[in-house]
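Letter by letter, the chains look like this.
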Amino acid sequence: MKVAVVDTDIANIGSVCRVLVELGAEPVVARNPVDLRDASRIILPGVGSFSAGMASLRKAGFDEALPVAVENGKPVFGICLGMQLLAGHGTEAGGAKGLGLISGTVRHLEESGCKERLPHMGWNEVSIVRPSPIVAGIPNGTDFYFVHSYAFQANNPGDVIATCQHGVPFAAIVGSGNVHGAQFHPEKSAQAGFRVLGNFLELKPC
Amino acid sequence: MLKIRVIPTLLWKDLGLVKGVGFNSWRRVGAVLPSIKVYNRREVDEMILVDITASAEQGAVDHEALNDFADECFVPLTVGGGVRGIEDMRKLLRAGADKVSVNSAAYGDSAIVSKGAAEFGTQCIVASIDVRRLEDGRLECFSHSGTRPTGRRPDDWAMELERLGAGEILLTSIDRDGTMQGYDLDLISSVTRKVRIPVIASGGCGHYGHMLEAVRDGGASAVAAASIFHFTEQTPKEAKLALAAAGYPVRMGFVEA
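Residue numbers (our numbering), protein chains in the order written: chain A, 1 to 206; chain B, 1 to 257.
In isolation and in its complexed conformation, chain B is listed as follows (with noise of 0.2 Å):
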């Protein structure tokens, strides 16, 4: 049975690992590097990094950079950021991602998520959904790292993009990200309802009980998780086991027979 994965977010901004509240006022919290490795020791299923420079300015990601951190990355690599085309693709893919994320730019050309699957295959193709709950209590798709609305409701962009080929959905509140008050339970069974392609709950995450909320009320099949593990002592491998405790399928350490 397929285990549900329990996945460090890592920002990556200029030189550094940050991490913020709402998409916004980023602290730094350490180096890319030696967290890769930290996490490799602590059992993680797999990572995100996502370079918020290279999605905020245009940019491109350092595929230098990124190549040292996916030759120490000994789990599953998604790497996001800036992602505008198939050949952005291509270059992250070759540098040593597993997954590339895909997010703003599929809401101008959405056919870049189609064309993604068929060069690369799904399983390649992480479609990256950032929402803001409204004043009305609407919820509302969001590009370009939070700052502009799409008009999108996330249920029915998260539908479009599985018909595209999108072979998951990272799915994140906005309004929850960093403040460590759960993740939006009611934002992430709207969109688990409506697909069947796994969808990863971000945003929000203070404690194991949290990542439980996400699978067993949210229908999540992963929880992506940062300040939980950059700003308290709580580790992937105990969340691993707060699930397992509650009767979910998770992978646990490899111990040698």
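Here chain A stands alone, though its shape is the one from the complex (with noise of 0.2 Å):
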């Protein structure tokens, strides 16, 4: 199975791209639309400031791209800034629209009231909220790596899969029809995020 990772230099794809191959798929980096075309499912890793990563996207013409893909049958997986990205606004640095796959802001978390030191890094546990395939085999409770500061709010809040806890709630996996992302770092999570990565492969398109 051909999965595409979206690259536009605001990610390190190395790691995403070995637990691809480790779980029997072919990574083909895409680096313009272009390159989505064969590929059976999408991964948007990222890490940094929203605004710069929409930009990054825009210029490639991904923000266009990908919600296209979406409407065609093809399962996105947003990881880190990547889950962020999906959701239709971020109040960073004044304001950004985002690519609006799944409905929701994304906000400091001190704007949410976390008075816990920030970033907050590390391995941490997260709360099941609702069942979904991409959470099968993952028992509450589970550990994650997670490193940052900003967290998605969802506007419906059945599109929250799981959850984590650092001073505030905060979603840890969201998910709507064929487009899902999570927070922490599955490609650093050890065979916990193995697991999430091989259910995201294994996604029946809706």
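FYI, nobody ran anything at the bench for these hints, they're computed from the structure.
There could be a bad hint or two in this list.
[Claimed, not checked] In silico BS3-like links for lysine-lysine, alpha-carbon gap of 25 Å or less:
#	chain 1	residue 1	chain 2	residue 2
1	B	91	B	13
2	A	2	A	74
3	B	91	B	115
4	A	115	B	194
5	A	59	B	91
6	B	91	B	37
Could you use the hints to bring the two separately framed chains together as a complex?
Below you can see the structure in the form of structure tokens.
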């Protein structure tokens, strides 16, 4: 199975590609929308700021290509900033428009009342709040590796699949239709992360 | 709740892995890539890889080799050795490091820490401090793989590094390094009392009880160790079981539901 990994210099994609190989998939590095054509699913990694991430996607044309791919039934999985970019809006640095694939806003954790040290960095456990094939085989309380200061606030609570707690609760995994995202880094979360990405590869497009 | 981390330190010299005593008398202990694969299986929480050739000989890390290592590392990877500027950091991060460790260069130009934090985020910058205990008992930071006195006290220097934007501190006792006699708890607590950022205790771990001391008595957020994993039968997994038994939160292995 060919899996496109969007590469716009906003993430190090080496580990994501290695996990895909480990899971028996064939990663295709997508630097341009045309590279998405032969892939049956798409991973959107990312680190850094929301506005810079969106600017990189726009520059390459992914801001238009990704929603089209989703409409055509290709499952998409966002990781860390890539998950946040799925939202309609980010408040960072005056605000920026996101991909709008899952309705929500990305806010700094302090805006939500977090008094803990930021960035939230390290291994932390997630609570699964609704069943989903993306968390098949993942026990409640499994630890994943997080590095972030902003978090995804879904407008529709039903789009939140798992939460995590750092001073305040926030979305750890979101999902709606063919679009999913994780705030943590599955590619750096050892076996638990492999399982989540493996689940993504097995999702039946809807 | 964030977990206490158990982190193997891999010292990379020329083509292999080494381990010394007191930053000296290196012994070869294997090759890098197979060790990374083994640690992946042993449920370590992170890995620290230091290229001691690059730090000692004004060289640069072999980025091609690093790329291969990073591709096999499915937990966060901190890489250090010879980091002298922002471009060195960028190259390490591009080659697959998740965080970079800065040590000697920060004494000459501490702006390397603030610039790195501004460019890549504080979570990417691990400030590494190597400390010797002087004959009169005072603690002093040493640069260049423990060869040059800096006149700095570790607690003051750690506070300065935190202010500049370091995301965490890797604190190593040169005297305890490789001795397996236990971490320097006075050193660790002198620093953890003064900073809010996580401190990784390093140097001297010989058994799980030492790790517990570093966390309980030293206030460390993570424990780094090398000899215990190279030269004994003790494993990161059992280390975490020991910490869990003492009531500290650790990440246990993933077992499918």
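>> When the structure is checked against the list of hints, which entries are broken? Sort them ascending.
In response: Nothing - there is no hint that the structure violates, so all of them hold.
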